[in-house]
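S.K.: Take a look at the letters that make up each chain.
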Amino acid sequence: MGYPNRPHDRETTVLSQYFGDPAARSLAGWKQRGGYRALEAALGTPQADLVTMIKDSGLRGRGGAGFPTGVKWSFMKPGDGKPHYLVCNADESEPGTFKDREIMRWTPHALVEGCAIGAYAIGAETCYIYIRGEFTEPLRVMAEAVRDAYAAGILGHSAMGTGNRIDIHIHKGAGAYICGEETALMNSLEGRRGNPRIKPPFPAVAGVFGMPTTVNNVETLAAVPHIVTRGADWYRAMALSNPRSTGTKLFSVCGNVARPGNYEVVLGFPFREFLYDLCGGPPPGRRFRAIIPGGSSVPIQTMEEAEATLMDYEGFIAQGSMLGSGGVIVFDDSQNMVKMIARLARFYAHESCAQCTQCREGTGWVTRILERIVAGGGVPRDLDTLLDLSEGMTGKTICVLSDSCAAPIVSGIRKFREEFEALIPASRSVVSRAAAV
Amino acid sequence: MADGSLIRLTIEGREVAVPPGTSILEAGKAAGVLIPHYCYHPGLPVAGVCRMCLVEVEGAPKLAPACATAVAQGQNVLVHTEQALEARKSVLEFLLINHPLDCPICDQAGECELQDYVFREGRASGRSLDPKRFNPVEDFGGDVIYVANRCILCTRCVRFMDAVAEDPVLNVSERGDRALIGKFEGQDLTHPWAGNVIELCPVGALLSKDFLNKARAWELDRTPSVCPNCTQGCNTIIETRDNVVVRTRPRSNTDVNQYFMCDYGRLNYRWLNEGNRLETPLVHQDGRLQATDWNAAAAAAAAALQDRRVFALVSPMLSNESLFMISRLVERSGGVGAFRVETGPEAPLPGVPNLSLRAERAANVRGAELLGFIKSATPLASLEAGDCLVVAGETLAGIDPGALSRAGSVIVIGTLLPEVVRSAAIVLPATNMAEEEGTFTNVRGRVQRYQQAKASPGLSRPVWWGIAEILGAAGENAQYFLASEVFAALVEANDEFAGMSYDMLGLRGAIIATTRERDVTREISEVAR
Chain A
1 MGYPNRPHDR ETTVLSQYFG DPAARSLAGW KQRGGYRALE AALGTPQADL
51 VTMIKDSGLR GRGGAGFPTG VKWSFMKPGD GKPHYLVCNA DESEPGTFKD
101 REIMRWTPHA LVEGCAIGAY AIGAETCYIY IRGEFTEPLR VMAEAVRDAY
151 AAGILGHSAM GTGNRIDIHI HKGAGAYICG EETALMNSLE GRRGNPRIKP
201 PFPAVAGVFG MPTTVNNVET LAAVPHIVTR GADWYRAMAL SNPRSTGTKL
251 FSVCGNVARP GNYEVVLGFP FREFLYDLCG GPPPGRRFRA IIPGGSSVPI
301 QTMEEAEATL MDYEGFIAQG SMLGSGGVIV FDDSQNMVKM IARLARFYAH
351 ESCAQCTQCR EGTGWVTRIL ERIVAGGGVP RDLDTLLDLS EGMTGKTICV
401 LSDSCAAPIV SGIRKFREEF EALIPASRSV VSRAAAV
Chain B
438 MADGSLIRLT IEGREVAVPP GTSILEAGKA AGVLIPHYCY HPGLPVAGVC
488 RMCLVEVEGA PKLAPACATA VAQGQNVLVH TEQALEARKS VLEFLLINHP
538 LDCPICDQAG ECELQDYVFR EGRASGRSLD PKRFNPVEDF GGDVIYVANR
588 CILCTRCVRF MDAVAEDPVL NVSERGDRAL IGKFEGQDLT HPWAGNVIEL
638 CPVGALLSKD FLNKARAWEL DRTPSVCPNC TQGCNTIIET RDNVVVRTRP
688 RSNTDVNQYF MCDYGRLNYR WLNEGNRLET PLVHQDGRLQ ATDWNAAAAA
738 AAAALQDRRV FALVSPMLSN ESLFMISRLV ERSGGVGAFR VETGPEAPLP
788 GVPNLSLRAE RAANVRGAEL LGFIKSATPL ASLEAGDCLV VAGETLAGID
838 PGALSRAGSV IVIGTLLPEV VRSAAIVLPA TNMAEEEGTF TNVRGRVQRY
888 QQAKASPGLS RPVWWGIAEI LGAAGENAQY FLASEVFAAL VEANDEFAGM
938 SYDMLGLRGA IIATTRERDV TREISEVAR
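For the record, the sequence lines run as chains A and B. In case it helps, this note's numbering puts the first sequence at residues 1 to 437. In case it helps, this note's numbering puts the second sequence at residues 438 to 966.
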């Protein structure tokens, strides 16, 4: 479960092997642990072979969408005469997710190495690591690692003496959730307001500064050196359920659970055992009530669904949710689900970039309704209104923030309707509600 | 473009062929299908944020924003399906959550796109039980006030200032439903073209201070016109209520002003409403000016012309038709026509090529030159002793009265009687440009029609009509009933105007022959620059 505790026996520590080991942070310590051998090997490999290797490994985006990384890299056409950019999305702002933070805190050079390999593979000379502003410690650690890597000639005009230019810049975000969305991140990076862009054009065609760009999550890029060192077959073999979900994944567990923390398991791990064995089950005297398994944007799972889930991209979808970012938020029977959902909605209402009508007005409206219900001012028709508004907020906007706000509401009302109804006096009319408020 | 390279698609069952890269929304316009929208504007970069133009594209998994989706070969686009209607209804409901229903006191009511679409496609009643957000009204400077509560955040104003005026003063401040249009610290909407944000705003959020609470949109009569305030010749709409001009707005003409007009032109309309007008012909008798009828005045004017060289001092605000008739008066006597023109600072609109508030602040400088009038800062220099001085539309402001005394006789035709020519023999009341039909020739040689927007006072007539009366009294054949007839005579007499007629000009105008080639070359060099 990572720092400060020892990993659980059933974890497979690839990315989290050196979590809690301060010596792994320094360049020397990282080199002692085998660091930068992957970069050295990669810089001697044709770029197309690297892309094929990542494709073969089955590595998929760890930021939430799960798009195959090798395929994404292959969109960057070599020799198009334009500068290419790699952007590492370290704006980890999805509520319930704190895995990238640990990667950057403990193994900054793993990310530097992954970024350098990625940049080389897609023909980019420049990589931006966009770190959210609240991550003061990771920012400091990463800045130090990049500085040391430059000093050692690992980065710069001739990375590791190979003549390939690789520059890494660290960019500090200002704390907006939406800047974790890749096109908003690119706007923010360019100094504009962090508003998502309309796609197409996709970043691989016109991204940062209008040039071909690949955006990868921290965890995705941190996994790349391991694949280069140990081979695509090794990585692909790590799959406990679906062969399309390979490798290990960090899950950040928080909420009403005996042992919260970061856990690294091979994809396809049974969620039931994960929750009760690795995480130690619910707090004493409590029972699990519900799970949000992939960061706040994914649908809520009931315990029946969660316990039947195999933890991979397909497994979570089969049980009514999504793998998302791997931020597991656990609720026990002491929690009021309506209150929890209202809190999530408030978050999205606060973070909406205000471009699309449905999102700007919808997130605020559902929040007002939910908070009114929690405060005891609900009327029976509120639930139908909420479901209808959620429908209007899904699949109609530039980015998916509005969908993310709607997902827990729809799944919450569908799966925990009795909790909503318990808060809404059935007989109360609109008029008496108005009098009550 | 060859027909083969066009994209063919079907929108609401209507087939249409458009160039590649056209948006579904524009293709819809070509097919005659209006796809409801707020943030899209043809003169601005695409934002795709209002989500009102969502349409169903057969085979696509989700509704597509018509403004930001390019057409594809063989596409079948459906605008009025249940799914698309439901999406628009939902957008309209969301827009009304924080939009006050204060249409009865809103200047935009009657010409409000939110009102129109809610009426057409929105829900009959709202479902919100919670209070609306409130923000105070803000003065944006210039002619603009911002009523934040009514704003639907379409960002047209922000994009206009950024991309067209290239003076990025506006922004979207705050996030979520707290968002509103903000103004950067210490800056105001003082750009000479900033007033266009008022027209661009689809709702009543950005309002003109000049027009504030002045009239309801449905009380106005609208007349296509041309801005008389500089040589650019922006196409406009003059809006009147009870024969009073209350507002002028840009009328789109992609060859001239696209969708815009400058604040100087927009706000400089009060002179069209002047109350101290000449309303009847006057003839000098018994030591004073006495009212008479047009026949007597025309006969007196013909007598004053008799055996004299005509020196015409004209205003470059007069129509081609009026100037043409005066040029006939000048030519038959072997006389001279001259004019002067007021100037001011030039103010281009950077985002639109060849569009600028021109330094010469009169509509028909080019027309006056083409019809043989001489531009001069001291136009009376060539007035000879004994000339019959015809003052047409000139205010004579700043003119030395001594220079005028050289004239043998003076005929004034205009809207006002300047003090320095109160001794004139004959004074004829004329209409201003809002009270007549006519044409102007703009700086680039485009001849454009304007129509009569309001009634003329008393016995005032267009200048061309008055001059025709004088020519008739002097025994010339000059009987015209319509401006179009005068224009036909002008075309016959002037090669530059060959091929033109009012029907041919329509409401977009046409370029005169001699400048056609020259302007194209100039345009190419400007583009290259």
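No lab work stands behind these hints, which were simulated from the structure alone. Careful, some of the hints might be misleading.
As the list claims (entries may be wrong) - In silico lysine-lysine, PhoX-like type, Cα no more than 25 Å apart, as pairs:
no.	chain 1	residue 1	chain 2	residue 2
1	B	Lys499	B	Lys569
2	A	Lys55	A	Lys172
3	B	Lys499	A	Lys199
4	B	Lys466	A	Lys199
5	A	Lys172	A	Lys77
6	B	Lys466	B	Lys526
7	A	Lys339	B	Lys499
8	B	Lys891	B	Lys646
To be verified - Cβ-to-Cβ under 8 Å is the rule here; a few derived chain A residues that face chain B:
no.	residue
9	His157
10	Cys356
11	Arg368
To be verified - Where chain B lies over chain A, by a calculated footprint (3+ residues, C-beta under 8 Å):
no.	stretch
12	287-295
13	345-353
14	358-367
Positions of the beta carbon are idealized from the N, C-alpha and C atoms, including for glycine.
S.K.: May I ask which of the numbered hints given earlier this structure violates, with the numbers listed in increasing order?
M.R.: 1, 2, 5, 7, 9, 12
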